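Participant: Using UniProt numbering, the first residue of the sequence shown is number 1, and each one after it goes up by one.
Keep in mind that the hints were calculated from the coordinates and are not lab data. Only a predicted model underlies this, so the values are computations on that prediction, with no experimental measurement involved. Where a beta carbon is used, it is the ideal one built from N, C-alpha and C, also for glycine. Each statement offered as a hint is correct.
Straight-line Cα separation of at most 20 Å, SDA-like style, residue types lysine to any residue; simulated pairs:
| hint | residue 1 | residue 2 |
| --- | --- | --- |
| 1 | K122 | Q140 |
| 2 | K24 | K146 |
| 3 | K100 | D116 |
| 4 | K21 | M95 |
| 5 | K146 | D116 |
| 6 | K146 | L120 |
| 7 | K21 | N10 |
| 8 | K24 | D115 |
| 9 | K11 | Q72 |
| 10 | K21 | L120 |
| 11 | K122 | Y96 |
| 12 | K57 | N141 |
| 13 | K11 | N50 |
| 14 | K57 | A23 |
| 15 | K100 | A32 |
| 16 | K69 | C35 |
| 17 | K69 | N91 |
Label pairs and their in silico Cβ distance ranges:
| hint | residue 1 | residue 2 | range |
| --- | --- | --- | --- |
| 18 | K94 | N10 | 12 to 22 Å |
| 19 | S71 | E36 | 15 to 25 Å |
| 20 | D16 | K94 | 13 to 23 Å |
| 21 | G126 | N53 | 15 to 25 Å |
| 22 | C35 | Q131 | 19 to 29 Å |
| 23 | S71 | I93 | 18 to 28 Å |
| 24 | D47 | Q140 | 10 to 20 Å |
| 25 | Y96 | N44 | 18 to 28 Å |
| 26 | K57 | T7 | 13 to 23 Å |
| 27 | S71 | L97 | 23 to 33 Å |
| 28 | Q140 | K69 | 29 to 39 Å |
| 29 | M145 | A90 | 29 to 39 Å |
| 30 | D16 | P37 | 24 to 34 Å |
| 31 | I93 | S144 | 30 to 40 Å |
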Amino acid sequence: MEKFGATFINKDGHTDGTLLKEAKIVGLLFGADYCEPFNRFLPNLTDFYNNVNADEKVFEILYFPFDQKASQFHEYFQDLPWLSYEFKDANKIKMYLEYKQYIQGIPCLIIINPDDGSVLTKNGRGQIEKQGIEAFENWQNILSMK
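Please put together the full structure from these sequences, using the hints given.
Facilitator: See below:
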C-alpha cells in the first residue's frame, strides 16, 4: 500500500500507514461536507466500519476530502474513526487521478484489494446501504477468488 503514501491523519493526529497495510480490505471514500448525500451516508458507514472491526481490525477506510476549505474538513473529520489524507496532500490528487474512472459522484466508496490496489467494487456505498454487514462478506469472497 506504499503507493498511497506513508503519512495520513486520524482523529488523534498524524499516523503512519500501518492500519492501511494491516487491513484485509480497504475502502477509498470520496466526499465533502457540503454534499448532503455524503452527510446522510456517514452515520451508516461509521456503524458499518465499527461493526466490521468489532472483533478484529480487518477493514480500513482512506478518506479523500474534497471540501472547499480545510477548516470544513477538520471540523467534522475529528469525529470519524478512519484514516484520511491531509487536506492538501499531493498523494491525494495522485490517487484520485488513478481511481477517478470509478467515481460517478460523491459520496463514492471504492473497495480495493490492499495488496495490489485492484478494485473489488466501485459501488461500496450502495452495497453497504442494501446489504449491510453482508457486503463485507461478499467483498471477502471476491477477494478470495482473485
